[in-house]
Amino acid sequence: MLSWLPENISTYGGDIDSLMYHIYYITGVWFFLTYGVIIVFLLRYRRQEGQKAAYVRGDSLTQAGWLLVPLLIVLALDLWIDFQGSEVWAKIKIDAPSSDLLVGVTGKQFNWEIAYPGPDGKLGTADDLEMENELHVPVNKVVHVVLRSKDVIHSFFLPNLRLKQDVMPGRTIEAWFEATKPGRYPLPCAELCGFGHSGMEGSLIVHSLDEYEKWVQKNWPHKP
Amino acid sequence: MSNILGDVTQGTYHEEKGFWRTYVFSTDHKVIAKQYLALSLFWAVLGGFAAYLIRWQLAYPETAAPGASWIPEPFMYEGVVPPEFYNVLITMHGTIMVFFVAMPLLLAVFGNYLIPLMIGARDMAFPRLNMLSVWVFTLASLVLLISLFVPGGAASAGWTGYPPLSAKAIYTGVNWGMNLWIVAIALEFAAFLMGGINFLTTTLNMRAPGMTLFRLPLIVWMQITAGVVFMLSVGPLIAGAVMLLLDRVIGTTFYVPEGGGQPLLWQHLFWFFGHPEVYVILLPALGIILEILPVFSRKPIFGYRPIIYSTIVAGILSFIVWAHHQYVSGIDPRLAMPFSITTILISVPFALIVFALIATLWKGSISFPTPMLFALGTLGVFLIGGLTGIFVGSAPVDIYFHDTYFVVAHFHYTLFSAVFFGGFAGLYFWFPKMFGRMMNETLGKIHFVLTFILFNTTFFPMFFLGIGGMMRRIANPMQYEFLQPLQPINVFITGSAILLLISQGIFAINFFWSLFRGRIAGPNPWQANTLEWSTSSPPPHENFHKIPTVYRGPYEYSLPETAEDWLPQNQPELEEVKK
Ligand code: HEM
Ligand SMILES: [Cu+2]
Ligand SMILES: [Cu+2]
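So the protein sequences, as listed, match chains A and B. Heads up: the first sequence at position 168 corresponds to 168 in the working numbering, and the numbers run straight through without jumps. Heads up: the second sequence at position 340 corresponds to 340 in the working numbering, and the numbers run straight through without jumps.
Hints in this document: simulated from the structure, not taken from any laboratory. Quick caveat: nothing in here was measured; it's all calculated off a predicted structure. Certain hints may be false.
Stated by the list, open to error - Cross-link-like lysine-lysine pairs, in silico, DSS-like; alpha carbons within 30 Å at most: (1) K52/A x K445/B; (2) K52/A x K363/B; (3) K52/A x K150/A; (4) K141/A x K122/A; (5) K363/B x K150/A; (6) K445/B x K108/A.
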């Protein structure tokens with residue numbers, strides 16, 4: 001079922017996917033167990049002439065064990081999922097690696113404005129290059145994205161990188177990724193942002209290192 | 001016992017009144033419940049029609065939806081939904097289903113109808129306040145209806161109304177539609193606050209002699225917990241809504257960044273209310289199945305007290321999970337873990353209730369009339385909703401699933417199971433009490449089987465859409481190359497959804513046919529123990545010819561020492577029923 005996931009091309013996407021698979025197996029087992037038990041009970045204890053139901057109120061401690069034991073298992077599994085999750089979360093959201101490259105992405109109704117810092121490596125200077133909807137990055141490099149919005153909330157979504165981050169007007173939010181495979185990937189907006197929300201989409205273009213060099217040469221021919 | 005208002009309210013004698021006094025301006029909790037029933041079913045039809053238009057658009061973008069060409073411009077163009085109107089449709093569908101169907105049906109109908117009957121009271125503690133509540137709700141309904149027709153169009157910022165999209169008319173082109181939407185919801189809240197106060201006061205003060213708190217039917221516990229959760233959570237949202245209205249109407253900047261405002265503020269206020277709200281809907285539905293399962297398995301509910309404690313714990317936990325709706329909204333990332341933990345922990349009390357329900361079936365003597373089928377259906381569907389909640393509760397996984405169809409699938413599995421399965425279970429079960437006649441069993445069973453199958457074929461594939469990356473609230477998936485391979489699923493879902501909607505017609509036919517032609521029910525057709533079955537069907541104006549005295553808990557089925565397999569709460573002597 002999870003094989004419907006878009007191909008993962010990010011360094012941390014695998015961690016998210018494997019967490020997803022763990023939850024999938026755990027919930028899958030519970031699903032079949034509980035459904036199995038319910039169906040067996042419904043068949044086994046359906047009404048029969050002259051047979052009375054048992055009078056069990058579940059208020060003695062031995063009977064309550066039937067609730068408490070599965071409950072403790074649920075609790076243990078819950079905490080295990082949380083524990084695993086916090087590691088993945090910390091890796092993605094808290095301990096960001098230092099960046100090789102900076103890009104600015106600004107959402108507006110209904111496009112992504114992408115800003116490249118140019119040779120000086122800083123955003124907001126004269127040598128910046130601005131493009132609409134095309135995010136060019138090199139493969140295997142840590143890219144930091146500086147997210148802003150001009151009007152309403154948008155959401156920066158890169159399905160193949162397992163990256164989603166809302167873009168809040170009035171705030172600057174950072175995200176990072178490292179793509180592992182060259183190609184062209186979708187970059188839709190995941191938050192309702194007005195009548196043009198459907199169709200607001202850019203592309204992520206992951207270049208091989210040579211290709212990226214060529215792209216840079218073409219856009220900043222006088223790179224010092 | 002604990003009957004301090006008894007002499008005042010229970011002793012008053014109501015005279016026979018004319019049509020208007022009996023059916024329209026009535027203070028009788030049973031009539032009020034029926035008024036809420038009529039209103040919520042009316043809204044369910046509209047909400048369902050919106051769902052149809054949404055689904056049609058998603059399967060066949062920019063083509064005319066059959067049967068919709070009568071809708072005039074500028075809503076639709078010869079049956080085709082323009083993108084602005086698509087956003088109105090999802091906003092209205094969500095708003096209608098949550099605030100104008102789920103809450104009225106599960107809380108107002110069942111709470112109003114059942115609480116006084118089940119605790120052995122003549123009416124609610126404040127009957128006039130109760131009447132006011134239904135009239136304020138009617139007003140809210142009117143305002144929401146009017147908001148569809150004002151210049152500029154209706155609200156289109158989603159039912160969550162995130163600013164700044166909702167805060168300034170320039171972003172959507174909508175002005176009065178949005179203002180009226182806020183007013184409608186505020187009025188609706190006012191109505192339910194009056195209801196909640198009534199539920200709580202009535203249950204605490206007007207119980208019949210012998211009805212201790214631990215002899216209350218579980219649905220009463222669920223209803224009052226839901227009422228308290230609603231009362232405690234709604235304040236911040238009303239404050240938030242006032243600020244939003246001020247932003248829109250006089251140009252304050254609570255949520256608008258240009259003036260130093262913060263869109264996140266709304267999200268915190270909204271979800272501080274919005275998440276508990278889910279339990280406000282869920283608990284009464286669980287209460288309904290907790291009433292039905294023991295009756296048709298002829299067994300006491302397993303773990304009566306643990307269920308009550310779990311309910312209270314779930315109610316409390318529901319207040320500290322709100323930020324799980326905001327994992328990717330740019331809040332401090334260190335907040336995600338505590339919220340992830342509380343979110344996944346909330347599965348523990350619900351797991352207990354589910355285990356208790358399953359244990360109730362064990363060694364039962366189970367029969368399967370329609371109410372039981374729907375109750376089991378609720379449980380089955382809700383289980384999938386609960387299990388898939390773990391995915392979105394886990395912060396890292398939610399990075400991917402947030403705002404995709406995985407979420408849409410997940411919340412329909414929880415909300416639809418509560419509202420429609422739970423609601424139908426309750427309606428089939430208490431119909432004989434409410435209207436004095438039985439519903440048709442054959443039609444009921446066909447209705448159940450179709451609803452159960454078609455519900456799953458409609459919503460289960462939405463998990464696949466979400467896994468495939470399809471965002472929610474997009475009007476046209478075909479605009480995205482990476483979603484085009486998923487389009488056959490969208491077409492399939494739409495087919496199922498249309499059949500699902502059509503099959504609800506069976507319920508409508510059954511309902512009206514049984515209302516006039518159904519078999520006469522008698523006071524207690526299901527041989528159930530709780531007090532509402534001890535009076536005639538439908539109950540007289542003040543419920544009981546004589547206020548019953550309560551001798552035991554509500555679920556004493558199949559006691560070993562009795563010949564009968566049931567023992568009503570108000571049956572005095574155990575000796576009399578002994579062999
Ligand atoms: C046949 C029945 C139904 C169908 C086919 C249906 C379909 C849908 C679809 C496709 C969406 C997603 C719209 C989008 O994100 O683009 C949606 C949203 C929603 N539905 Fe339903 N639905 C049905 C019944 C219900 C019921 C019974 C409830 C609740 C009690 C409900 C509550 C909601 C809510 C709260 C939303 C979110 C709206 C938003 O995104 O702002 N729906 N529905
Ligand atoms: Cu956008
Ligand atoms: Cu958008």
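Against the structure, the hints:
The straight-line distance between the Cα atoms of K52/A and K445/B is roughly 25 Å, inside the 30 Å bound, and the hint therefore holds. The straight-line distance between the Cα atoms of K52/A and K363/B is roughly 9 Å, inside the 30 Å bound, and the hint therefore holds. For the proposed pair K52/A and K150/A, the alpha carbon gap of about 70 Å is over 30 Å, so the pair is violated. At roughly 17 Å between alpha-carbon atoms, K141/A and K122/A fall within 30 Å of each other, so this suggested pair holds.
Distance check on the hinted pair: K363/B and K150/A sit about 63 Å apart at the alpha-carbon level, beyond 30 Å; violated. For the given pair, K445/B sits about 52 Å from K108/A by alpha-carbon distance, which is inconsistent with the 30 Å threshold.
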